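Engineer: Sequence:
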Amino acid sequence: MISVHTSPLASLGRADAGGMNVYIRELCCHLAPLGHQIDIFARRVDTETPDVTELCPGVNVITLTAGPAEPLHKDDLFPLLPEFANQAVLSSLRRGVRYDVVHAHYWLSGWTAHLLRRYWDTPFVTMFHTTAHMKRSSGNSTVESPQRIATERQVIDLSDSLIAANPAERADLLWRQRMRTDKVCTVPPGVDLDLFTPGDRDAARRRLGLPGDRPLVLFVGRIDPIKGIDTLVRALADWPAGGLRPRLVLIGGDLDPGGSPTGDLAAVARQADTAGIGGDVLYLGSRPQSDLPDFYRAVDVVAVPSLYESFGLVAVEAMACGRPVVASRAGGLAFTIEDGESGLLVPAADPAALATALHSVVNDVTLADRLGKAAREAAYPFSWEAVASGISHILNRLALGHRADLCCDEEIFA
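Numbered per the working numbering, the sequence shown finishes at 417, counting up by one with no gaps.
If you're looking for bench data, these hints aren't it; they were derived computationally from the structure. Just so it is clear, the structure is predicted and the values come from calculations on it, not from any experiment. Incorrect hints may appear among the rest.
[Unchecked claim] Pairs of lysine to aspartate or glutamate, DMTMM-like flavour, derived with a Cα cap of 20 Å: (1) 138 <-> 78; (2) 376 <-> 205; (3) 138 <-> 227; (4) 77 <-> 257; (5) 186 <-> 175; (6) 376 <-> 197; (7) 138 <-> 353; (8) 376 <-> 203; (9) 77 <-> 227; (10) 77 <-> 49; (11) 376 <-> 344; (12) 186 <-> 160; (13) 186 <-> 344; (14) 376 <-> 342; (15) 186 <-> 103; (16) 77 <-> 267; (17) 77 <-> 147; (18) 376 <-> 297; (19) 186 <-> 163; (20) 376 <-> 195; (21) 376 <-> 341; (22) 138 <-> 163; (23) 138 <-> 233.
Make a model of the complete structure from these sequences and hints.
Structural biologist: See below:
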């Protein structure tokens, strides 16, 4: 496994650590019992992380030095990829390891896998998690580098197989590159159905020390424009008449030693203050995934206002906990949530529509209960066991030298 820009060891909600970190960790730890021995290569961003860390039995994280041992913006990593690849080769030689197949995550890792094929002569499969083309199509204002756009196109052509997180992403990859249909497989990420389970809301609030005087809306994620936090702040600021305006519980970003928002999260706090809802926001910073189930259980509704999500892990985690979700009709969210049945979908970047949907959930107990119960049922197909089985099929076929019939006959998305 190659994950150049972010490690499964990183703290969730900080910088580039988010759903992809969870995906890699959970996928690898569920692939290992199926007979796979896995090394995950990630770039060193500090001086404390050991060179080799056991993530779970059969899975090691290999931390490689490429450039300074500090966090760098993703746009600055491309020139470091040859050095990263060289360090990966040296690591494998020192440990006497030969790999059968490489699974790359994100475009930077896909290009690295291409470089490594010269040394290892291994087939590789790429999962982009998000592409520049899909982000631009979603209306995201972030300007993607020409290097990324060009490299993604090359990685699509060079990969032996591609894994799409949802049918729309698969269709986009096929349409843009005129690819063979058997080269692009749809296997979504998963959710830990044993960790994320329903529970009593009031008991969870007491355990967490959250106030119970008003409804609670939860946001979980990286502090990134594509996550649509500005839309959520505006929605709460323009709350429809009737009922108390809820508090926003915000998990993600960094807090200073005094507990105040810092960095990108401070910009969110300034926006909330300007909008007049600063006192209604609880900034909790980054939290380990093991803490999240109680937060999902404790709130009235979970908001996922992203401009684009290839899957929407937060939405499915909340659904598994039996909580209603209001999300953007964007990317994979339109496939994981059935509007009006297992959650509510609204247009992306539409504060009024988001406010109306959130208002309807927090003020209609019958609706909230119905959505929550259906959400738990809808989350069942996304077990990590099912996801690992699908990925294992692809990896085994590639390792045996097959280039046809890579995809499973049975897909999670019907």
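Engineer: Now tell me, hint by hint, if it's right for this structure.
Structural biologist: For each hint, the structure was consulted:
For the given pair, residue 138 sits about 15 Å from residue 78 by alpha-carbon distance, which is consistent with the 20 Å threshold. With a C-alpha separation of about 17 Å, the suggested pairing of residue 376 with residue 205 holds against the 20 Å cut-off. Taken as a hint, the residue 138 and residue 227 pair is honoured in the structure, with Cα atoms around 13 Å apart against an allowance of 20 Å. Only pairs whose Cα atoms come within 20 Å are accepted, and residue 77 paired with residue 257 is accepted, the gap being roughly 19 Å.
Of the supplied pair hints, the one linking residue 186 and residue 175 holds, its CA atoms being roughly 13 Å apart against a limit of 20 Å. The hinted pair formed by residue 376 and residue 197 meets the criterion: a straight-line CA distance of about 16 Å does not exceed 20 Å. For a cut-off of 20 Å, the pair hint linking residue 138 to residue 353 stands: about 17 Å separates their Cα positions. Restraint check for residue 376 and residue 203: the C-alpha separation of about 13 Å stays at or below 20 Å, so the hint holds.
Of the pairs offered as hints, the one joining residue 77 and residue 227 holds, with about 13 Å between alpha carbons and a cut-off of 20 Å not exceeded. Simply put, residue 77 and residue 49 have alpha-carbon atoms about 16 Å apart, close enough for the 20 Å limit, and the pair holds. At roughly 9 Å between alpha-carbon atoms, residue 376 and residue 344 fall within 20 Å of each other, so this suggested pair holds. Our distance criterion of 20 Å between C-alpha atoms is met by residue 186 and residue 160, whose separation comes to about 10 Å.
Restraint check for residue 186 and residue 344: the C-alpha separation of about 33 Å exceeds 20 Å, so the hint is violated. A C-alpha spacing of about 14 Å is found between residue 376 and residue 342, which places the hinted pair at or below 20 Å, so the restraint holds. With a CA separation close to 18 Å, the supplied pair residue 186 and residue 103 stays within the 20 Å bound. Between residue 77 and residue 267, the direct Cα distance comes to roughly 16 Å. Compliance with the 20 Å bound is thereby established for this hinted pair.
Proximity of residue 77 to residue 147 is assessed by CA-CA distance (about 11 Å); at most 20 Å being required, the pair is judged to hold. Between residue 376 and residue 297 the CA atoms are separated by roughly 17 Å; this keeps the pair inside 20 Å, and the hint holds. At roughly 7 Å between alpha-carbon atoms, residue 186 and residue 163 fall within 20 Å of each other, so this suggested pair holds. Distance restraint check for residue 376 and residue 195: the Cα-Cα separation of roughly 17 Å lies within the 20 Å cut-off, and the hinted pair is therefore satisfied.
Of the pairs offered as hints, the one joining residue 376 and residue 341 holds, with about 13 Å between alpha carbons and a cut-off of 20 Å not exceeded. Annotation: proposed proximity of residue 138 to residue 163 is violated, straight-line Cα distance about 24 Å (limit 20 Å). Proximity of residue 138 to residue 233 is assessed by CA-CA distance (about 17 Å); at most 20 Å being required, the pair is judged to hold.
Hints 13 and 22, counting from the list given before, are not met by this structure.
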